[in-house]
Amino acid sequence: MSLPDSGPPSASPDDLASEIVEALHACVQSRITDEKLPEHLTRIAGLPELYSELLLIRKFLLAVAGGDLSTELKIKGYLGGALKTLQSHLKHLSWQTQMIAGGDFTQRVDFMGDFSIAFNSMVERLDSTLRSLKEKEEELTRINNELLHEIGVRKKVEEALRKSEESFRQLAITDSLTGIYNRRHFFQMADHEIKRASRNGSSLAVIMFDIDFFKRVNDEYGHASGDLVLQKVVSMAREEFRSNDILARYGGEEFVVLLPDSDLEDARMPAERLRERIEGTPIVGGKGSILVTTSFGVSACRPESGEIHILGRLIRDADQALYEAKRSGRNRVVLAGS
Amino acid sequence: MSDRKYAFSWELLGDISSGRPHLGLTTRLEVYRLMQFVLRDVLERHLGTKKTDEIFYEAGKLAGTEFYKKYLGAVTDFNEFIKNLQSQLREMGIGILRVEKADIEKGSLILTVSEDLDCSGLPELDYEVCVFDEGFISGVLESFTGKRFRVKEVDCWCTGDRTCRFSAEVVE
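As you go down the protein sequences, you meet chains A and B in turn. Numbered according to this note's numbering, the first sequence spans residues 5 to 342. Numbered according to this note's numbering, the second sequence spans residues -3 to 168.
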């Protein structure tokens, strides 16, 4: 700022007025480097206060122009009031913007002329766009939920179908009375085991057994009791044989067991245990306690490599041994070839 | 005090609609100010300036508390509370409330009120006169937060609508 450092105390009123104007003009127009009013001007009544207020307004405006709304303007009067109004509006606008950012789209500006119109229009547009996006999101969520529901329904149907198929498969391979494999499935399973034994060079055994005088049970106790006897015999057989032995109902009261990795002696032991257990276990039915005995025929062989059609021979040999067991008095285990 | 004559209740204000079928719910603002300023005058003469201001602050606080109960209750969100307060004050012609800063967690607010019922249009003075407003704001804030607030008019300016700036700080 270019201010006279020292003016003549006896300067003319025009010169003094000119200096005052120059000092105030500099305060408004120039970049001030020295904020002090020249000494001889400080004696003019009211001028230091006016100059000081102008400097405060300068500082305030420069701060606001630089984005600092926190500067406090400590002057009263209309100009100071107008500037404080502007500051207050800008601060309130900042707060309103924060509210909008937090999702309050009801905020409206009504104190900044054209800016208010543009700002409010922007908020309405933002609100409308977000509302539309929300509606679309809700629609997508709804569709997604419907799809998930549909998938759930289909999964349930598929599960029911799978259970149904499993049930049919079980019915196709098992004997409905005793729950063990039926004859047809036994042959499929046995075929697989024979091929494995043929590859590995391991031995196989077959046990054929049936319930002695079963017809008498049916005749004396009824078919329901006969069915119960069959079920109990199978239940005991399941406990005596290994889990990898293949137990099946061969027909009527006749059963067959294929024992992998077993020779005649290996097969004889569980057959003997089962025979003794059945003999010693009364079966309690509706018409009293029933004691039955069983006869067993056992065969075994070790298939040569590539020899896969031996099941017929094993069954035939076991069947002949069973026949021999029957013939020689029943309730016994007979080994083929003995 | 069981023998009080003027314990406040909204019923004391009566049924204005049926009581003023021709003149309606509003009156000229100068009548309101007439009552307030003559009351200040008489109270000041009897009790002094300080006590008069204290009475006005306390009366404002009671007004804010009752106003909150009648018009602003049942809101828990602070921003919603401020919106409702702004809306009610504007709708009832009490003033235009704006927020410069609001940190409710710290209990620190800067508010302005323009076109104020009590003071807009008054000449700018060397001292603040809105003690009733101070009390009113503290009553409303205390009712909402459950914490005590000290409200002070820190600035006012006469730009036509005479805006008053209030700071509100929670009292620990």
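To be clear, the hints were calculated from the coordinates, so they are not data collected in a lab. Built from N, CA and C at the ideal position, the CB exists for glycine as well. Careful, some of the hints might be misleading.
Using 20 Å as the maximum straight-line C-alpha spacing, the simulated SDA-like pairs for lysine to any residue come out as follows [said to hold, decoys possible]: (1) B:LYS79 with A:GLU23; (2) B:LYS46 with B:LYS148; (3) B:LYS79 with A:SER74; (4) B:LYS79 with A:LYS80; (5) B:LYS79 with A:ASP131; (6) B:LYS79 with A:LYS330; (7) A:LYS78 with B:LEU121; (8) B:LYS148 with A:SER74; (9) B:LYS97 with A:GLY107; (10) A:LYS78 with B:GLU149; (11) A:LYS78 with B:SER163; (12) B:LYS97 with A:SER74; (13) A:LYS78 with B:GLU120; (14) A:LYS78 with B:GLU124; (15) A:LYS95 with B:LEU121; (16) A:LYS95 with B:GLU165; (17) B:LYS79 with A:GLY71; (18) A:LYS330 with A:THR297; (19) B:LYS79 with A:THR75; (20) B:LYS148 with A:LYS330; (21) B:LYS97 with A:ASP131; (22) A:LYS80 with B:TYR123; (23) B:LYS97 with A:GLY71; (24) A:LYS95 with B:THR155; (25) A:LYS95 with B:SER110; (26) B:LYS102 with A:MET103.
Derived CB-CB ranges, DEER-like [unchecked claim]: (27) A:ILE36 with B:LYS143: 27 to 37 Å; (28) B:LEU25 with A:PHE109: 27 to 37 Å; (29) B:LEU43 with A:SER74: 21 to 31 Å.
Pulled from the structure, derived: some chain B residues nowhere near chain A, Cβ distances all over 10 Å [said to hold, decoys possible]: (30) ARG0; (31) LEU25; (32) LEU35; (33) ASP37; (34) LYS79; (35) ARG94; (36) VAL95; (37) GLU96; (38) ALA98; (39) SER116; (40) TRP153.
Status of each hint after checking the structure:
The straight-line distance between the Cα atoms of B:LYS79 and A:GLU23 is roughly 53 Å, outside the 20 Å bound, and the hint therefore fails. The hinted pair formed by B:LYS46 and B:LYS148 meets the criterion: a straight-line CA distance of about 15 Å does not exceed 20 Å. Our distance criterion of 20 Å between C-alpha atoms is broken by B:LYS79 and A:SER74, whose separation comes to about 24 Å. Of the supplied pair hints, the one linking B:LYS79 and A:LYS80 is violated, its CA atoms being roughly 30 Å apart against a limit of 20 Å.
Of the supplied pair hints, the one linking B:LYS79 and A:ASP131 holds, its CA atoms being roughly 17 Å apart against a limit of 20 Å. In summary, the hint linking B:LYS79 to A:LYS330 is not supported, as the alpha carbons are separated by about 102 Å, beyond the 20 Å threshold. For the given pair, A:LYS78 sits about 14 Å from B:LEU121 by alpha-carbon distance, which is consistent with the 20 Å threshold. With a CA separation close to 18 Å, the supplied pair B:LYS148 and A:SER74 stays within the 20 Å bound.
Restraint check for B:LYS97 and A:GLY107: the C-alpha separation of about 18 Å stays at or below 20 Å, so the hint holds. The hinted pair formed by A:LYS78 and B:GLU149 meets the criterion: a straight-line CA distance of about 14 Å does not exceed 20 Å. With a C-alpha separation of about 16 Å, the suggested pairing of A:LYS78 with B:SER163 holds against the 20 Å cut-off. Restraint check for B:LYS97 and A:SER74: the C-alpha separation of about 11 Å stays at or below 20 Å, so the hint holds.
Restraint check: the Cα-Cα separation between A:LYS78 and B:GLU120 comes to about 14 Å, which is no more than 20 Å; the hinted pair holds. Among the hinted pairs, A:LYS78 with B:GLU124 is consistent with the structure: their alpha-carbon atoms are about 14 Å apart, no more than 20 Å. Between A:LYS95 and B:LEU121 the alpha-carbon distance is near 24 Å, which puts this suggested pair outside the 20 Å criterion. Under the criterion of a C-alpha separation no larger than 20 Å, the hint pairing A:LYS95 with B:GLU165 is consistent with the structure, at around 18 Å.
Taken as a hint, the B:LYS79 and A:GLY71 pair is broken in the structure, with Cα atoms around 27 Å apart against an allowance of 20 Å. A hinted pair counts as satisfied when its Cα atoms are at most 20 Å apart, and A:LYS330 with A:THR297 qualifies at roughly 11 Å. Between B:LYS79 and A:THR75, the direct Cα distance comes to roughly 27 Å. Violation of the 20 Å bound is thereby established for this hinted pair. Our distance criterion of 20 Å between C-alpha atoms is broken by B:LYS148 and A:LYS330, whose separation comes to about 116 Å.
Taken as a hint, the B:LYS97 and A:ASP131 pair is broken in the structure, with Cα atoms around 24 Å apart against an allowance of 20 Å. Under the criterion of a C-alpha separation no larger than 20 Å, the hint pairing A:LYS80 with B:TYR123 is consistent with the structure, at around 11 Å. Note on B:LYS97 and A:GLY71: the hinted pairing holds, with a Cα-Cα distance of about 16 Å set against a maximum of 20 Å. Using a Cα cut-off of 20 Å, the hinted pair A:LYS95 and B:THR155 holds, with the two alpha carbons roughly 17 Å apart.
This hinted pair checks out: A:LYS95 and B:SER110 have alpha carbons roughly 14 Å apart, not beyond 20 Å. Simply put, B:LYS102 and A:MET103 have alpha-carbon atoms about 18 Å apart, close enough for the 20 Å limit, and the pair holds. The given range of 27 to 37 Å is broken by A:ILE36 and B:LYS143, whose C-beta atoms sit roughly 46 Å from each other. Separation of B:LEU25 from A:PHE109 is about 34 Å and conforms to the stated range, judged on CB atoms against 27 to 37 Å.
Range check, B:LEU43 to A:SER74: about 39 Å between beta-carbon atoms, so the 21 to 31 Å window is missed. In this structure B:ARG0 is separated from chain A by more than 10 Å, as the shortest Cβ-Cβ distance comes to about 41 Å. Even its closest Cβ contact with chain A, about 21 Å, leaves B:LEU25 beyond 10 Å, as expected for a residue assigned away from the interface. Distance check on B:LEU35: its Cβ is at least 27 Å (rounded) from any Cβ of chain A, clearing the 10 Å threshold; non-interface status holds.
The claim that B:ASP37 is not at the interface with chain A holds, since no C-beta of that chain comes within 10 Å of its own (minimum 24 Å). For B:LYS79, the shortest C-beta to C-beta distance to chain A comes to about 7 Å, within the 10 Å cut-off, and the non-interface label is violated. The beta carbon of B:ARG94 is not kept farther than 10 Å from every beta carbon of chain A, the shortest such distance being approximately 4 Å. At the 10 Å boundary, the C-beta of B:VAL95 falls inside the reach of chain A, the nearest C-beta of that chain being 5 Å off.
With 10 Å as the threshold on Cβ separation, the claim that B:GLU96 sits away from chain A is violated: the shortest Cβ distance comes to roughly 4 Å. Its closest Cβ contact with chain A, about 7 Å, brings B:ALA98 to no more than 10 Å, contrary to its assignment away from the interface. Interface exclusion of B:SER116 from chain A stands, the closest Cβ pair being 12 Å apart, more than 10 Å. With 10 Å as the threshold on Cβ separation, the claim that B:TRP153 sits away from chain A is violated: the shortest Cβ distance comes to roughly 3 Å.
Figure legend: structure checked against the earlier numbered hints; hints not met, in rising order: 1, 3, 4, 6, 15, 17, 19, 20, 21, 27, 29, 34, 35, 36, 37, 38, 40.
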